[in-house]
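Numbering of the sequence shown is given in my numbering, commencing with residue 249 and proceeding in unit increments.
In case anyone wonders, no lab produced these hints; they're calculated from the structure. Quick caveat: nothing in here was measured; it's all calculated off a predicted structure. Where is the CB? At the ideal position from N, CA and C, for every residue including glycine. Please note that the accuracy of each hint is not assured.
What the hints assert, rightly or not - Across the chosen pairs, the derived CB separations fall in these ranges: (1) Asn411 - Ala274: 40 to 50 Å; (2) Ala274 - Ile254: 29 to 39 Å; (3) Lys270 - Arg410: 16 to 26 Å; (4) Lys262 - Ile408: 23 to 33 Å; (5) Arg387 - Ala274: 30 to 40 Å; (6) Tyr325 - Thr383: 21 to 31 Å; (7) Gly304 - Thr269: 12 to 22 Å; (8) Asp407 - Lys321: 39 to 49 Å; (9) Thr379 - Gly332: 20 to 30 Å; (10) Thr379 - Gly315: 31 to 41 Å; (11) Ser330 - Ala404: 13 to 23 Å; (12) Val346 - Arg410: 43 to 53 Å; (13) Thr253 - Arg387: 19 to 29 Å.
To be verified - With a straight-line cut-off of 30 Å between C-alpha atoms, the simulated DSS-like cross-links for lysine-lysine are: (14) Lys334 - Lys311; (15) Lys334 - Lys270; (16) Lys334 - Lys351; (17) Lys351 - Lys305; (18) Lys397 - Lys334; (19) Lys262 - Lys321; (20) Lys397 - Lys351; (21) Lys351 - Lys311.
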Amino acid sequence: MTARTIEELEQIRKECRSMVTKRAAASGGAVLVPVPGADVLADVGILMQLLPAINGKFGLSEKQLNGLDAETKSMVYGFITSIGSKLIGRIITREVIVQILQKMGVRIATKQVSKFVPLLGQGLAAAIGFTAMRTIGNRHVEQCYEVAKRLLEQQASADIARNWTVPQQPLDPAGIELLPGRNLEAAIPLLPAPDKDQEPKS
249 MTARTIEELE
259 QIRKECRSMV
269 TKRAAASGGA
279 VLVPVPGADV
289 LADVGILMQL
299 LPAINGKFGL
309 SEKQLNGLDA
319 ETKSMVYGFI
329 TSIGSKLIGR
339 IITREVIVQI
349 LQKMGVRIAT
359 KQVSKFVPLL
369 GQGLAAAIGF
379 TAMRTIGNRH
389 VEQCYEVAKR
399 LLEQQASADI
409 ARNWTVPQQP
419 LDPAGIELLP
429 GRNLEAAIPL
439 LPAPDKDQEP
449 KS
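Using the sequences provided together with the hints, build the complete structure.
Spelled out as C-alpha coordinates, the structure:
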(Lines of atoms letter the chains of each structure in order from A and count residues from 1; the text may use other names and numbers.)
(Lines give C-alpha, C1' and ligand atoms only; values in the text may rest on other atoms or scores of the structure.)
Protein backbone atom coordinates (compact mmCIF):
# COMPACT_ATOMS: atom_id res chain seq x y z
CA MET A 1 0.00 0.00 0.00
CA THR A 2 1.35 3.41 -0.94
CA ALA A 3 -1.28 5.31 1.09
CA ARG A 4 -1.27 5.07 4.88
CA THR A 5 -4.25 7.34 5.54
CA ILE A 6 -7.56 8.17 3.89
CA GLU A 7 -6.22 11.66 3.16
CA GLU A 8 -3.26 10.22 1.24
CA LEU A 9 -5.62 7.87 -0.57
CA GLU A 10 -7.84 10.78 -1.61
CA GLN A 11 -4.79 12.57 -3.00
CA ILE A 12 -3.80 9.53 -5.07
CA ARG A 13 -7.37 9.33 -6.37
CA LYS A 14 -7.23 12.98 -7.41
CA GLU A 15 -3.87 12.53 -9.18
CA CYS A 16 -5.12 9.46 -11.05
CA ARG A 17 -8.29 11.19 -12.24
CA SER A 18 -6.16 14.06 -13.52
CA MET A 19 -3.93 11.55 -15.33
CA VAL A 20 -7.02 9.94 -16.90
CA THR A 21 -8.23 13.30 -18.20
CA LYS A 22 -4.86 13.99 -19.86
CA ARG A 23 -4.74 10.56 -21.50
CA ALA A 24 -8.38 10.86 -22.60
CA ALA A 25 -7.51 14.13 -24.32
CA ALA A 26 -4.74 12.31 -26.17
CA SER A 27 -7.29 9.70 -27.28
CA GLY A 28 -9.55 12.44 -28.58
CA GLY A 29 -6.67 13.90 -30.58
CA ALA A 30 -5.91 10.53 -32.20
CA VAL A 31 -8.98 10.86 -34.43
CA LEU A 32 -7.08 13.44 -36.50
CA VAL A 33 -5.01 10.61 -38.02
CA PRO A 34 -6.77 9.91 -41.36
CA VAL A 35 -6.24 6.15 -41.24
CA PRO A 36 -9.17 3.84 -40.39
CA GLY A 37 -8.56 2.11 -37.06
CA ALA A 38 -5.51 4.19 -36.17
CA ASP A 39 -7.33 5.91 -33.32
CA VAL A 40 -8.50 2.58 -31.86
CA LEU A 41 -4.91 1.29 -31.94
CA ALA A 42 -3.91 4.50 -30.16
CA ASP A 43 -6.60 3.85 -27.52
CA VAL A 44 -5.21 0.36 -26.92
CA GLY A 45 -1.73 1.76 -26.47
CA ILE A 46 -2.95 4.51 -24.12
CA LEU A 47 -4.91 2.09 -21.93
CA MET A 48 -2.02 -0.38 -21.75
CA GLN A 49 0.00 2.40 -20.15
CA LEU A 50 -2.75 4.15 -18.20
CA LEU A 51 -4.35 1.22 -16.36
CA PRO A 52 -1.10 -0.29 -14.99
CA ALA A 53 -0.01 3.22 -13.94
CA ILE A 54 -3.22 3.61 -11.92
CA ASN A 55 -2.67 0.20 -10.29
CA GLY A 56 0.85 1.23 -9.34
CA LYS A 57 -0.28 4.55 -7.85
CA PHE A 58 -2.64 2.71 -5.49
CA GLY A 59 -0.07 0.01 -4.67
CA LEU A 60 -2.20 -2.58 -6.46
CA SER A 61 0.00 -3.78 -9.33
CA GLU A 62 0.69 -7.51 -9.58
CA LYS A 63 4.30 -6.98 -8.48
CA GLN A 64 3.28 -4.90 -5.47
CA LEU A 65 0.65 -7.41 -4.36
CA ASN A 66 3.11 -10.29 -4.69
CA GLY A 67 5.27 -8.48 -2.14
CA LEU A 68 2.55 -8.63 0.52
CA ASP A 69 2.26 -11.34 3.17
CA ALA A 70 -0.06 -14.21 2.27
CA GLU A 71 -2.89 -13.08 4.57
CA THR A 72 -2.98 -9.49 3.28
CA LYS A 73 -2.62 -10.62 -0.33
CA SER A 74 -5.55 -13.01 0.05
CA MET A 75 -7.63 -10.23 1.63
CA VAL A 76 -6.86 -7.81 -1.23
CA TYR A 77 -7.76 -10.33 -3.92
CA GLY A 78 -10.98 -10.99 -2.03
CA PHE A 79 -11.81 -7.27 -2.25
CA ILE A 80 -10.90 -7.24 -5.96
CA THR A 81 -13.18 -10.19 -6.66
CA SER A 82 -16.05 -8.65 -4.69
CA ILE A 83 -16.08 -5.51 -6.85
CA GLY A 84 -15.74 -7.53 -10.07
CA SER A 85 -12.51 -6.01 -11.40
CA LYS A 86 -10.37 -7.94 -13.90
CA LEU A 87 -7.71 -5.24 -14.12
CA ILE A 88 -6.47 -4.75 -10.55
CA GLY A 89 -3.45 -6.76 -9.46
CA ARG A 90 -3.04 -8.44 -12.83
CA ILE A 91 -0.89 -8.10 -15.92
CA ILE A 92 -2.91 -6.06 -18.40
CA THR A 93 -2.60 -7.52 -21.87
CA ARG A 94 -3.65 -6.24 -25.28
CA GLU A 95 -6.41 -8.88 -25.36
CA VAL A 96 -7.89 -7.56 -22.11
CA ILE A 97 -7.85 -4.00 -23.46
CA VAL A 98 -9.55 -5.09 -26.69
CA GLN A 99 -12.30 -6.78 -24.64
CA ILE A 100 -12.86 -3.55 -22.71
CA LEU A 101 -13.07 -1.56 -25.93
CA GLN A 102 -15.50 -4.09 -27.38
CA LYS A 103 -17.79 -3.45 -24.43
CA MET A 104 -17.65 0.21 -25.41
CA GLY A 105 -18.44 -0.93 -28.97
CA VAL A 106 -21.26 1.51 -29.70
CA ARG A 107 -19.12 4.52 -28.84
CA ILE A 108 -16.09 3.23 -30.75
CA ALA A 109 -18.15 2.43 -33.86
CA THR A 110 -19.76 5.86 -33.73
CA LYS A 111 -16.35 7.41 -33.34
CA GLN A 112 -15.07 5.60 -36.45
CA VAL A 113 -18.00 6.68 -38.61
CA SER A 114 -18.37 10.22 -37.34
CA LYS A 115 -14.80 11.29 -38.06
CA PHE A 116 -15.46 10.94 -41.78
CA VAL A 117 -18.56 13.15 -41.64
CA PRO A 118 -17.79 16.59 -43.14
CA LEU A 119 -17.27 19.59 -40.85
CA LEU A 120 -18.49 18.39 -37.45
CA GLY A 121 -17.42 14.76 -37.85
CA GLN A 122 -13.93 14.99 -36.39
CA GLY A 123 -15.08 17.11 -33.48
CA LEU A 124 -17.79 14.58 -32.66
CA ALA A 125 -15.37 11.67 -32.97
CA ALA A 126 -12.89 13.43 -30.70
CA ALA A 127 -15.61 14.01 -28.09
CA ILE A 128 -16.68 10.35 -28.24
CA GLY A 129 -13.08 9.16 -27.92
CA PHE A 130 -12.43 11.48 -24.98
CA THR A 131 -15.63 10.39 -23.19
CA ALA A 132 -15.04 6.67 -23.73
CA MET A 133 -11.44 6.82 -22.53
CA ARG A 134 -12.34 8.93 -19.49
CA THR A 135 -15.16 6.52 -18.60
CA ILE A 136 -12.85 3.49 -18.71
CA GLY A 137 -10.05 5.25 -16.83
CA ASN A 138 -12.16 6.80 -14.08
CA ARG A 139 -14.05 3.56 -13.49
CA HIS A 140 -10.71 1.85 -12.90
CA VAL A 141 -9.61 4.65 -10.57
CA GLU A 142 -12.75 4.24 -8.47
CA GLN A 143 -12.35 0.47 -8.27
CA CYS A 144 -8.72 0.79 -7.17
CA TYR A 145 -9.75 3.43 -4.64
CA GLU A 146 -12.44 1.15 -3.20
CA VAL A 147 -10.05 -1.80 -2.81
CA ALA A 148 -7.34 0.36 -1.23
CA LYS A 149 -9.87 1.98 1.11
CA ARG A 150 -11.21 -1.38 2.29
CA LEU A 151 -7.66 -2.56 2.97
CA LEU A 152 -6.87 0.60 4.97
CA GLU A 153 -10.04 0.17 7.03
CA GLN A 154 -9.25 -3.50 7.65
CA GLN A 155 -5.72 -2.68 8.78
CA ALA A 156 -7.00 0.10 11.06
CA SER A 157 -9.46 -2.33 12.68
CA ALA A 158 -6.68 -4.89 13.16
CA ASP A 159 -4.44 -2.26 14.80
CA ILE A 160 -7.22 -1.28 17.21
CA ALA A 161 -7.86 -4.91 18.13
CA ARG A 162 -4.13 -5.53 18.61
CA ASN A 163 -3.69 -2.54 20.92
CA TRP A 164 -6.90 -3.05 22.86
CA THR A 165 -6.47 -4.29 26.44
CA VAL A 166 -9.04 -5.50 28.94
CA PRO A 167 -9.51 -2.90 31.69
CA GLN A 168 -8.26 -4.17 35.03
CA GLN A 169 -11.03 -5.03 37.45
CA PRO A 170 -10.61 -4.45 41.20
CA LEU A 171 -9.67 -7.64 42.98
CA ASP A 172 -11.32 -6.66 46.26
CA PRO A 173 -14.75 -8.10 47.00
CA ALA A 174 -17.54 -5.60 46.51
CA GLY A 175 -18.13 -3.49 49.62
CA ILE A 176 -14.92 -4.48 51.42
CA GLU A 177 -13.74 -0.85 51.42
CA LEU A 178 -16.64 -0.05 53.76
CA LEU A 179 -15.50 -2.53 56.39
CA PRO A 180 -13.33 -1.41 59.31
CA GLY A 181 -9.75 -2.38 58.65
CA ARG A 182 -10.79 -3.83 55.26
CA ASN A 183 -11.04 -7.24 56.88
CA LEU A 184 -11.40 -9.75 54.02
CA GLU A 185 -12.80 -12.46 56.29
CA ALA A 186 -15.47 -10.09 57.58
CA ALA A 187 -16.67 -9.62 54.04
CA ILE A 188 -17.57 -13.33 53.78
CA PRO A 189 -21.22 -13.73 54.77
CA LEU A 190 -21.81 -16.05 57.72
CA LEU A 191 -24.23 -18.93 57.42
CA PRO A 192 -27.29 -18.61 59.68
CA ALA A 193 -27.22 -20.69 62.82
CA PRO A 194 -29.33 -23.83 62.55
CA ASP A 195 -32.80 -23.63 64.12
CA LYS A 196 -32.87 -25.61 67.41
CA ASP A 197 -36.34 -26.93 66.62
CA GLN A 198 -35.03 -28.39 63.41
CA GLU A 199 -31.98 -30.08 64.93
CA PRO A 200 -32.06 -33.81 64.27
CA LYS A 201 -33.19 -35.83 67.28
CA SER A 202 -30.87 -38.52 68.49
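Self-check item: Structure-inconsistent hints, enumerated in ascending order
Solution: Those not satisfied are hints 3, 5 and 8.
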